[in-house]
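*Asks:* All chains should be modelled from the sequences, with the hints used to inform the complete structure.
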Amino acid sequence: MARIITMQRVPWGRAVVPVVLAAGLCLVANAAWAGRPVTLETVTQLLVFALPVAGIYAVSATGLVVVHSATGIFNFAQGAIGMLCAFVYWELSVRRDLPVWLAMVLVVAVFAPLLGIALDKLLMRRLKRAPLAAQLVGTVGLLIALLGLATLTWNPNNSYPLSPLGGSGGIEIAGVQLTWHRLITITVAILLAVAVQLILRGTRLGISMRAVVDSEDTAALYGVRPARVSATAWVIGCVSAALAGILIAPEVGNMSAETLSLLIVNAFAAAVFGRLRSLSMTYLGALLLGLLVTFSSTFLQFGGRWANLPNALPALALFAVLLLLPQATIRLGGAVRTYPMERLPSRRSVGGGTLALALFVLLAGLLASDSVLGRLVMAMSLAIVLLGLVPLMGWAGIPFLAPLALAGCGGFFTYWAGGSVAALLVAGGATAVVGVLVALPALRLRDLYLALSSVALALVTASVVLTQPEIFEQARTLDRLSLLGVDIGDPARFLGYAAVVYLLLALTLVRLRRSPLGRRFVALRDSEAAAACSGINVARHKALVFAIAGAVSGIGGGVLVQGARFASSDQFGMIGGLAIVLSLTVMGVGTVSGALAAGLMGALLTTLSLEWAPGNFTHTLELVGPALAVLALSDHPRGQIPMFRELIRERPFAFAAATTGLAAGLAAGIGLGLPGSVGVVVAVLLAWAAVVVTAARRDDGGRLPADPPPGGGQGGPADAGTGIDTPFTATGVAMLDRSLGLELERTR
Amino acid sequence: MTPLLRVHDTTVRFGGTVAVDHVSLDVAPGSIVGLIGPNGAGKTTLFNVVAGIQAADTGRVELAGQDITHARPHIRAQLGLARTFQRLETFGTLTARENILVGAEAHRGWDRSVQPQAVAAELIDTLGLGPVAGRRADSLPTGTQRLIELGRALAMRPQLLLLDEASSGLSAYETEQTAELLRRLAGEGLTIVLVEHDMSFVMELCDRIAMLDRGVLVAEGTPEEVRTVPAVLEAYLGTAAGGGS
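Which chain is which? The protein sequence lines are A and B, in order.
Just so you know, the UniProt record's numbering puts 662 at position 662 of the first sequence, and the rest follows in order with no gaps.
Just so you know, the UniProt record's numbering puts 203 at position 203 of the second sequence, and the rest follows in order with no gaps.
Some hints here could point you the wrong way.
Said to hold, decoys possible - Here are a few chain A residues that sit away from chain B, every Cβ distance over 12 Å (derived from the structure):
1. Thr259
2. Pro491
3. Cys533
Unchecked claim - With the C-beta cut set under 7 Å, the calculated list includes, among others, these residues of chain B facing chain A:
4. Val102
5. Gly103
6. Leu233
Unchecked claim - Cβ pair distances, simulated, as ranges:
7. B:Gln66 - A:Val436: 28 to 34 Å
8. A:Thr44 - B:Arg60: 53 to 59 Å
9. A:Val194 - B:Gln66: 26 to 32 Å
10. A:Leu284 - B:Asp57: 25 to 31 Å
11. A:Ser280 - B:Ala231: 43 to 49 Å
12. B:Gly187 - A:Ser515: 35 to 41 Å
13. B:Asp57 - A:Ser280: 25 to 31 Å
14. A:Thr354 - B:Gly187: 37 to 43 Å
15. A:Ser280 - B:Thr17: 48 to 54 Å
16. A:Val436 - B:Asp57: 29 to 35 Å
Don't read these hints as lab results, they were simulated from the structure.
Even glycine gets a Cβ: it sits at the ideal position worked out from N, Cα and C.
*Replies:* The following block contains the structure:
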C-alpha cells in the first residue's frame, strides 16, 4: 500500500505570509514613492495625521468588538449606523440650527442609544440563534436598508457639509498643526477606550457580557439577564458608531451615505487585528492602519492602473490581517448551527418548475415591454450568478459575500473570448480557476473571518482588479448575440436564452446535490471533523466547491454582460453583491429556486416602482425593501421559498390568506396613492396582520428547529422501533459480513 | 506480532496544561483495547492525536507500520482508521442513511468494489436504524445518533476503529448488542480501541485495558491485571485498598 502521506503542518508555513506581505509592501512603497524626503517634519506630520485617523477607526472598531463579544453578531452595518447618526447630527446642527453641543448630546446620548435598543429588540435578538450566514446577511440587510433610508430622507444630489468641531484652529506640534477637531477625535478615542475597559473589566455588566457570549443559558441560570446585556452591547455599539460617524464626517467634506458607510472597512481590519476580543489589540490595529493610510497619502503617489489602490488599501489591510491569523484547524465539538437542509426536489417538482419558468418566459416575451424584458434579463442573469452560491453557501456552509467579484471575472472572460455563446464556456472554466485561487487563502479561514475576507475581495476586485486598463477601465461593448446564425439579441429571445442557461445550470446543481459529491459538501458543513475522519479531503472539497461556484457565477456574469451588451466595473460593485446575497438568503440559500426568486424580486420591485405603479409609495418600497427582507430573515432564517413550499404543502389555506394579505396591502398602498413611508407602513401592516394570523396557526412558524435535546436520551416517538432490538442471527451476521467485505478477507 | 497501532512517547500541551504526557501504547491487530480514566485524563485528546484531529507536540503515531504522525485525518481514514466521537458529530442535516452512505462512498473512493448503497442498507438493517433511516440525524436521540456514527465508521471498512464512549446514550439491551457486534468484528480481525466510562462494558469486552490519569499512562494490562492496580482502584473506588465506601 503505497500512499503519499500529506504533511499536516509545514513548520515554516506561518512565516511565509508575513514575509510575503512585508515584501509586497516594500515593493509597492518603492514603486509608488512620491519622492518626498523623510525628515523629522514629514515623520511628525505623518504621526499627527495618523493619530486622529486611527482614533476614528478605533472608536468604530470598539463598537464592533463590544457587540461581537456580547452577542456573537458581527455588525456589517456599523458604518451605516454611524452614517445615519452623522446625517441626524447634520439635520439638527445645520438644518435645525441647534447648538453643536446640544445636537451632539441628542445624537450620541439619545438617538444612538434608542437606535441600539430598537435594533436589539426588533432584529438582533431574533437573529442571535440564527446560522452565521443569516446573522451576517441580516446586518448586511440593515446596512442596505439604512443606506436606502438615508437616500430617501436626504437627497443625495444635495450637499451636506459639516464643520469641524472647534472651528479651524488647533495646536502646533513640531511645525504641524493639529486641529481642535482632530485633537477631540484622539481624546474621544482614548476616553472611550478607558470607559469601555472599565465597563468590561470592572463591572458586573462587563462580566455578564463575557458570560453571555460563552453560554447564554448558563449565564441566565446565574442571574444574568441576557436581554439587558444584549441591549447594552448594542447601545455601546451604536454610540461608538455615532461618535465615529460624527467625527469622520467633517473629514470627508460633503457627506455621502455610501462613502460614510463603507469607511467602516478600516474598522473591520482594526477589530480583526484584536481578534474581535481584545480592545487593546484593536487600538493597536487601528493605530497601525492609521499609520498605513497616512503613510500612503503622505509619501506615496499612485497613478495609472494603480490610481484606485488607495481606496482599496483598507480592504487589502483587512485581507492581510486575516491572512496573519493562525490557520483554522478542524473544529471539534458538535456541528455548528446550520440551516435545515431542504428536501431534495422530486422529479415532479423539477418538471413543474421547468414548465412554469418556460411559460413565464413565453408570456413575458409576448406581453412585456422591452424595458421590463430588460429588467427580467438582468434578473435572470443575477439568478445565475446566485446559483453559484447555492452549493457554496447553501450546501457547504461557506459564507461568501462576493458573488459579483466572480461574476465580474466571468463578464471579463466572456468579453475576452468574443462575447459569443461559446464564450460562456470559456468564462465558466476560467472563473472556476479564479474560484480555486480565491479558495486558497479561504482555506486558512473559517466562518466570520472567511466572510470578511470575501468582503475585502469584493472591494479589491471592484476597485482595483476590474478597473485595470486590460479589463474594464473603460466600458466595453459587446456585439449582438446570435446562436447558430439566429439572432437572439432582442430582449424577448435573450430572456429565453438566459432562462435556458439558468435551467441547465440549476438542473445540473440539483443532480449534483443528489450525488455523493453533494452529500460530501453537506457533510463538510455539518461536521468538518467527522467528514475528515470519514476520508473526505477537506481542502480539496472546499477548493472544488469554490470552483463550482466560480464556474456558475462566472457564467452568470457572462450572461449579464451579454444581455447588457456592455461591460464595466460598475456592474460588479460590492454593495450590489451584498444586496443580491441578501436577496438569496432571504429567499432560501439552499435552493436553486431561491436564486431565481431572489433575482426576480429586484426586477419586480424596480418594475413596480418605475412602470406599473410609479410613485412615492413604490419608490419607498424599493428603498426599504431590504429592511423588510431582514425582518423576514429574522423570522425565517431558512428562507421564504422553503417556508412557502412547506406552507403550500401543509396549510394551503393559510398560504392563500397570507398571499392575499400581502397583495391587499400592496394594492392598498398603490391604489390609495398613500404617501411614501405612510403607504409602506400601512401596506406592511396589512400584509403582516395576514401573515401573523396564519403563522399563529402553524406549528413551527418555519423557524429553525430547537437544538436537539442535549444528551438526547431514550424514549419518545423518535425511539420507537429504532436501535438493535433483536439478537444477531446467522443470516444477519452473514449479510453484515458480506457488506463489510469480511467474508472475503476470511476466505483469503 | 507487529502492533497495528503504535503510539510512541506522545505529548500534547494546551498552554500550561499537559493533556497527554509522554504516552506510549501498542495495540495488537484484532484486539479490543479499552482506554479508561477519569474525566480530563486525556483519553479523547489521545484519540484526536491518533485520528489526526489534534497535532501532538512530541511523539509518533504508526498505523500498520506506517508513520502517520503528520498525515491528515482523511489520509488516516484511507489507511483504514475510523472513529466515532465523544460529542456527537453526525452530519446533522443529512438523513441517517446518507450519514452511513458518506462513509461507504468515501471508502468506495479508494476501493471500487464497494457498493455504497448495499453497504448502507446492510448496516442500517444490522443496527436497527430502518425506521429512522430517512430522518435527519440531528432530529434523533443521542443513542440513535451514536449508532449512526458507528454505522458510518463501519461503512468505511476500517482496520482500526476508535470508539469514543460508544455505549453512552444506548439502552442496556443496545449496549449488550453493540458489545456483541464489536466482539464479533474483532473476531473477524477488526482492531478496536474504545474510550468508555461503563466499567462493566470495558471489563467484559476488552482484551487489554490502558488507564490514563492526568495525561499519564498509569496502568496497562489485561482486565484482570488492571483491576488490581492501585491507581485504578484509587481513581474508580477512591481508595488504593479497594475498599471504598
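*Asks:* Now, for every hint given, state plainly whether the structure supports it.
*Replies:* We went through each hint and held it up to the structure:
A:Thr259, annotated as away from the interface, keeps every beta carbon of chain B farther than 12 Å; the closest lies near 41 Å. Chain B leaves A:Pro491 outside its interface by the beta-carbon criterion, the shortest separation being 40 Å against a cut-off of 12 Å. Distance to chain B contradicts A:Cys533 as a non-interface residue, since its nearest Cβ pair spans about 5 Å, not more than 12 Å. Hint status for B:Val102 relative to chain A: holds, with the closest Cβ pair at about 5 Å, below 7 Å.
Evaluation of the B:Gly103 hint against chain A yields a held restraint, the C-beta minimum of about 5 Å falling below 7 Å. Annotation: interface hint on B:Leu233 violated; nearest CB of chain A at approximately 29 Å, more than 7 Å. Between B:Gln66 and A:Val436, the C-beta spacing of about 30 Å keeps the proposed range 28 to 34 Å intact. Roughly 57 Å separates the CB atoms of A:Thr44 and B:Arg60, a value that falls within the hinted 53 to 59 Å.
Under the hint 26 to 32 Å, the C-beta atoms of A:Val194 and B:Gln66, about 58 Å apart, miss the expected range. Between A:Leu284 and B:Asp57, the C-beta spacing of about 29 Å keeps the proposed range 25 to 31 Å intact. Checked against the given bound of 43 to 49 Å, the beta carbons of A:Ser280 and B:Ala231, roughly 45 Å apart, stay inside it. Distance hint check for B:Gly187 and A:Ser515: the Cβ-Cβ separation is about 36 Å, which falls inside the suggested range of 35 to 41 Å.
At about 29 Å, the beta-carbon gap between B:Asp57 and A:Ser280 stays in the expected band of 25 to 31 Å. At roughly 54 Å, the beta carbons of A:Thr354 and B:Gly187 sit outside the given window of 37 to 43 Å. Separation of A:Ser280 from B:Thr17 is about 25 Å and departs from the stated range, judged on CB atoms against 48 to 54 Å. A:Val436 and B:Asp57 have their C-beta atoms about 33 Å apart, which keeps the hinted 29 to 35 Å range intact.
Comparing the model with each earlier hint shows violations of hints 3, 6, 9, 14, 15; every other hint is respected.
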